[in-house]
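Protein chains in written order, with my numbering: chain A, 93 to 465; chain B, 11 to 116.
Hints are computed from structural coordinates only; laboratory data are not their basis.
Computed from a prediction, not measured in an experiment: that's the story for all the values here.
Each residue gets a CB set at the ideal place from its N, CA and C atoms; glycine is no exception.
The reader is advised that the hints may include incorrect statements.
As the list claims (entries may be wrong) - Using C-beta positions, here's what the derived DEER-type ranges look like:
1) B:V90 <-> A:G118: 45 to 51 Å
2) B:M96 <-> A:A374: 17 to 23 Å
3) A:N395 <-> B:H68: 43 to 49 Å
4) A:E170 <-> B:P28: 55 to 61 Å
5) B:V104 <-> A:D230: 46 to 52 Å
As the list claims (entries may be wrong) - Which stretches of chain B does chain A cover? Using the computed rule of at least three CB atoms under 8 Å from a CB of chain A, they are:
6) 32–45
7) 48–62
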Amino acid sequence: MQTADVLVIGGGITGSTTALGLMLKGAGKVVLLDEQLKSQRLSRGNFGLTWFMCKGAGYPGYSLWCRKAAKAWPEFAEKLEGESKYNIELDWTGGAVHAFGQDELDGFAKSIKTIREGCESEGIDYPVEILDRQQFADLMPKMTLGEDVAGAMFTKEQGHVNPLKLLGAVRSWFQKLGGVYNGAEGAKEIIPQSNGTVLVKTATETYECKKLVIAAGHGSARLTAALGEKLNIYPQRGQLMVTARCERKLDFPLLSVRQTQDGTYMIGLSTENTALDARVTADAMKSQAANAVRIFPELANLNWVRAWGAIRVMTPDGGPIYSKIPGHDNISVLALHSGVSLAPLHTEVIAPWILGNTTDNQVSDFSNGRFNA
Amino acid sequence: MLKHSTTSTAEFKQDQAPAETVSVLLDGEKVDLPKGISIAAGLLSIGEIISRISPSAHKPRSPHCLMGVCYECLMEIDGVERQACMTDPEEGMVINRHLDSKGEDA
Numbered sequence: 093m094q095t096a097d098v099l100v101i102g103g104g105i106t107g108s109t110t111a112l113g114l115m116l117k118g119a120g121k122v123v124l125l126d127e128q129l130k131s132q133r134l135s136r137g138n139f140g141l142t143w144f145m146c147k148g149a150g151y152p153g154y155s156l157w158c159r160k161a162a163k164a165w166p167e168f169a170e171k172l173e174g175e176s177k178y179n180i181e182l183d184w185t186g187g188a189v190h191a192f193g194q195d196e197l198d199g200f201a202k203s204i205k206t207i208r209e210g211c212e213s214e215g216i217d218y219p220v221e222i223l224d225r226q227q228f229a230d231l232m233p234k235m236t237l238g239e240d241v242a243g244a245m246f247t248k249e250q251g252h253v254n255p256l257k258l259l260g261a262v263r264s265w266f267q268k269l270g271g272v273y274n275g276a277e278g279a280k281e282i283i284p285q286s287n288g289t290v291l292v293k294t295a296t297e298t299y300e301c302k303k304l305v306i307a308a309g310h311g312s313a314r315l316t317a318a319l320g321e322k323l324n325i326y327p328q329r330g331q332l333m334v335t336a337r338c339e340r341k342l343d344f345p346l347l348s349v350r351q352t353q354d355g356t357y358m359i360g361l362s363t364e365n366t367a368l369d370a371r372v373t374a375d376a377m378k379s380q381a382a383n384a385v386r387i388f389p390e391l392a393n394l395n396w397v398r399a400w401g402a403i404r405v406m407t408p409d410g411g412p413i414y415s416k417i418p419g420h421d422n423i424s425v426l427a428l429h430s431g432v433s434l435a436p437l438h439t440e441v442i443a444p445w446i447l448g449n450t451t452d453n454q455v456s457d458f459s460n461g462r463f464n465a
Numbered sequence: 011m012l013k014h015s016t017t018s019t020a021e022f023k024q025d026q027a028p029a030e031t032v033s034v035l036l037d038g039e040k041v042d043l044p045k046g047i048s049i050a051a052g053l054l055s056i057g058e059i060i061s062r063i064s065p066s067a068h069k070p071r072s073p074h075c076l077m078g079v080c081y082e083c084l085m086e087i088d089g090v091e092r093q094a095c096m097t098d099p100e101e102g103m104v105i106n107r108h109l110d111s112k113g114e115d116a
């Protein structure tokens, strides 16, 4: 039997950033278990955007949460790089969403106005602007826009990172602080004890912890179901394609096209409901390639070298779930799809919330119970 | 232009002279490549180690995997960016390696 003050099940970006926060907030002995499930690996399949723009249209609480995360990102990244000595390849140079045709651009303007009003009523700025075609082109002097592009929405206050380096950096800092990382170890069974502790059994070990965090992607649903809590999540597949390394020309990411610091273009952002099937399909690749070439015709001439599919965790309203299991206030569950964008809040806000030291009263908006009407 | 004729040609010499060669235009110069092996292997066999200058890192690259995976042997072959390890040489081919973009010392 091993003991921990807090045990975190799930070593992806969300579990790791939360475990890091627990160490930073003095939670004591924190143990992070990572099953390293080959078939899903959500944190290794994502696009690396740190994004708030237009997240939560029609869901003001989520917009606000994403904006707060983006505001916290530059300082979070600076500390993370300083402490871990990793270069997470952060470009904090802005981000854009292209519009095909004037109608789409007008739609963006309306949506931004609504979200901005929601944020400003809570005292948070919402610095997103609409650019016409020429203004958008001027931001990317080395790229040529396709003729259908009418403009874009743009903000200077977001960016992108290398998500693999981010995951490595977070776990490195966590371990430097004394956190215990046990890879290739999955939780099989959770047994709450009458003395207020929780037993967690893996294939090889039993852990006794005072607090438990479940951040196991789609594995979380099985674990919470055994505790009588139905987790309202479903799998959604996204596919990505990458090029050989090219001259760096695109200095900031678009929602569907980005170029990494080593010159690789990535395109993606398909969404399909295919259960846990992570395969790639020719249809999705054709469709996203056509979209990318419509934005930047020159992408058609590049060598596209790889493609992969990965599974997101989606909720019915798109927002994250941060919930304590009813009847078990010492068991928290985190289920969401924007682990990169929300990383600073998981370290700085969710970790204290798990410990019962909530400083942000917005967390309660994101309970799993909101779906049980 | 980066100096690309290296000193370490011996490692890649063929055991025996190829029975047949084809003549191609490599970076504007006429060279003979062995017939029946890929352009990448053929270039290595005549001592041409460098396949291109990386457009992002600006450092010289060499064919690495020789089986179509690493994309380090991308070069312009008859006007198209292709993997030299996956392409056989043909008489009269025009091959450009982009060795004069921005070399390591540029």
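Now for the hints, and whether the structure bears them out:
no.	hint	result
1	B:V90 <-> A:G118: 45 to 51 Å	violated, 60 Å
2	B:M96 <-> A:A374: 17 to 23 Å	holds, 21 Å
3	A:N395 <-> B:H68: 43 to 49 Å	violated, 19 Å
4	A:E170 <-> B:P28: 55 to 61 Å	holds, 58 Å
5	B:V104 <-> A:D230: 46 to 52 Å	violated, 37 Å
6	32–45	violated (count 0)
7	48–62	violated (count 0)
Against the hints set out earlier in the document, violations occur for numbers 1, 3, 5, 6 and 7.
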